[in-house]
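Protein sequences appear in the order of chains A and B.
Per my numbering, residue 1 is the first one in the first sequence, and the count goes up by one each step.
Per my numbering, residue 1 is the first one in the second sequence, and the count goes up by one each step.
To be clear, the hints were calculated from the coordinates, so they are not data collected in a lab.
Given the structure is predicted, the values throughout are model-derived calculations rather than measurements.
Every residue, glycine too, gets a C-beta built ideally from N, C-alpha and C.
The reader is advised that the hints may include incorrect statements.
[Unchecked claim] Covered by chain A, per the in silico footprint, the following chain B stretches (three or more residues, Cβ under 8 Å): (1) 11-20; (2) 51-63; (3) 112-122; (4) 130-136; (5) 244-252; (6) 297-310.
Protein chains: 2
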Amino acid sequence: MTTDLNLTELELRAIGAELNLADGHPRQDLTKSQCDVVAQFPDLFWFSRQQIFSEIERKAQTAFLTALGQHMAPVQAGRVYSVYSSSVATMVLANALRGHRVAMLHPTFDNIHAILSKVVPVMSMSESEIAEIRFSDEVDKQATCLFITTPNNPTGWVLTQSALEGLCCYCLRKGKVLCLDVSFRGFDIRAQFDHYAVLERTGVEYVLVEDTGKLWPLQELKLGFLAVSEGFREKVHHCLSDVLLTVSPFLLQLVEVFSLDGAAGGFERLHALIAENRKMIVDALDGFEDIKVPDCDARISVCRLQLPTSLQAEKAYKFLTSRGVHVLPCRQFYWERPEDGARLIRIALARNKKVVAEFLSQFSMVLPNIRETRASGR
Amino acid sequence: MTTDLNLTELELRAIGAELNLADGHPRQDLTKSQCDVVAQFPDLFWFSRQQIFSEIERKAQTAFLTALGQHMAPVQAGRVYSVYSSSVATMVLANALRGHRVAMLHPTFDNIHAILSKVVPVMSMSESEIAEIRFSDEVDKQATCLFITTPNNPTGWVLTQSALEGLCCYCLRKGKVLCLDVSFRGFDIRAQFDHYAVLERTGVEYVLVEDTGKLWPLQELKLGFLAVSEGFREKVHHCLSDVLLTVSPFLLQLVEVFSLDGAAGGFERLHALIAENRKMIVDALDGFEDIKVPDCDARISVCRLQLPTSLQAEKAYKFLTSRGVHVLPCRQFYWERPEDGARLIRIALARNKKVVAEFLSQFSMVLPNIRETRASGR
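Extracted from the complex, chain A is given alone in its bound form:
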């Protein structure tokens, strides 16, 4: 049963499949200038052996964060920690949150919920509740920490600057910690206002999970970062020391060079690819009246499709996978109310255009079959 598996387990089935549009990892071709960096791998390796680690780390963090508008990130203050990945960062954060009661965004990628709920009690809040800063009594009275994914995966919803400002004031007033997972920020310039300027100005206690792993097709050569307010420095530092001494200076250098390339036009090219792939899907589905793209304004590297009332995502998933085409059914994103995701599938967009085109061709062929099966009651 696909409903027994988590999203990563479903994504793992797609590794090596003919057509993998399941995971949100970047699998498009490298650009010309990215290829040039790969040619410099040996130089970067030898260079990072000669340099002082803390300087390499500071330069990489600065390059990455400023390329995405985060000029006030506390790099100089030593409050940005490098981690193997955003998921390992989330595991460390979960341990640092021991004793808290966490309200977290619903829906969102299921491993965040899986990691947090193993360590702390978790309750849910919606995108609109966060946008309007109007929470349920449970969240308002019981939560000591809010955990928000922005841009959200899979919806593409973004926390605006004014909402973040309001949220900071709310958290300060109520004595709550604010945690943001901004792993998909690189795709959406609306999420690239300086979050740290807002956070530091208001003085709220915060932890941010940053991720380099969604942007560049580097075969999982990536890092995560944990950026924290002063009040969380010691806890996060200590919890992180259970897991690692330092990350690789070679990987830090990759992050620096790819960030500089991103700032010099690379991110624009990436945004164009994602936008073109999304448009290809929207245009193609124009012909199917009962299939909708619910998040028209999303910019992140995944896209949801809403299937007709009568068609369960699991059935579509099964049909597609039997033909070597992998996407994600969306129940698991809705960790509190799976039924809300029962008619949604998620398609990865960080792919070459021909992969998306091939998906659309297969999807159009498969669709009548699914409908037919339904009609015949099988």
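Chain A is fixed; fit chain B onto it per the hints.
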């Protein structure tokens, strides 16, 4: 206070220090053939984009495990999982052990205890209890899992084949799970008998933590592996999916090529370097009657020194660090009885010879000062 910090926090202080003999990570120069591999980084990157991931993974795991004598490791059976590092592997294992009561080796590196004790109740057992398979009533009656580091860090103690065989029978009889952390196996051929042949033959439930990160000076480009018996496959697979989709195929290829180089003479050269560094220390300390090397027969890449009864390791540590020389005081290895480590320091040996020589020179100079301070009662 150094006693408030864990070992990794102490190691972190040594990153960038003049003389870092604190952490057990490999920091020696690369050999000629290792340098040749670095020159091939771009080729390895492009090659791994073209290949099927599962084949790259299987080849890397096979090359690494067979180079270290582990021919019966369940690679083909799909029961070896790749992880970012051995510590992340331990975090995943801890989650897979939920509901267990774990007896673990004392002393051993403190992050293993920190990770496990956050998730499961932990009790202690000693090297001699394990070697003789003669446990305390508490371990015998209450533990549902034994967790053993072999070779052990910091002592270099090794679980022999006959002890492993006896242990497997004991665990089978008592219905206990056997977990081994074999991160330092690569340094000691006495730990390179085929553990998996024993484990699989007896049919005991097991989980092994393997680590590529101690052997090659690759600036933290490394992987961990979790190898499991059939009964643990599903649990570990599921817990791992909270943390990662796949590791990097580029890193898997590095592991493959460095393993082949190790099997073709690289490991012998590494063993020679560690042995020479250890001998340099033993010889130099011959002149100091009251300083002992307690683990004369150890082969791993760290070496303990036992200080005189009157000299606390923390005092020696403080004196040395004030001169830019970093080692580890050993209290924290003794997670149950810190006092047992109060007169021990640990010195890293995976360093260039001149680093060890420089340490010895500094240590000889510092030693009289420490003694003097003691004499004057300050």
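Quick rundown of the hints versus the structure:
1. Three residues within the 8 Å Cβ limit are the bar, and the segment 11-20 of chain B against chain A gives 4, so the coverage statement holds.
2. Counting residues of the segment 51-63 of chain B whose CB falls under 8 Å from any CB of chain A gives 3; the rule of at least 3 is met.
3. Under a criterion of three residues with beta carbons nearer than 8 Å to beta carbons of chain A, the stated coverage of the segment 112-122 of chain B is upheld, 3 such residues being counted.
4. A stretch counts as covered by a chain when three or more of its residues have a beta carbon under 8 Å from one of that chain; for the segment 130-136 of chain B and chain A the count is 0, and the coverage is violated.
5. With 8 residues bearing a CB less than 8 Å from a CB of chain A, the segment 244-252 of chain B meets the requirement of three and the coverage assertion stands.
6. Figure legend: the segment 297-310 of chain B, annotated as covered by chain A; annotation inconsistent (0 residues with Cβ-Cβ distances under 8 Å, at least 3 required).
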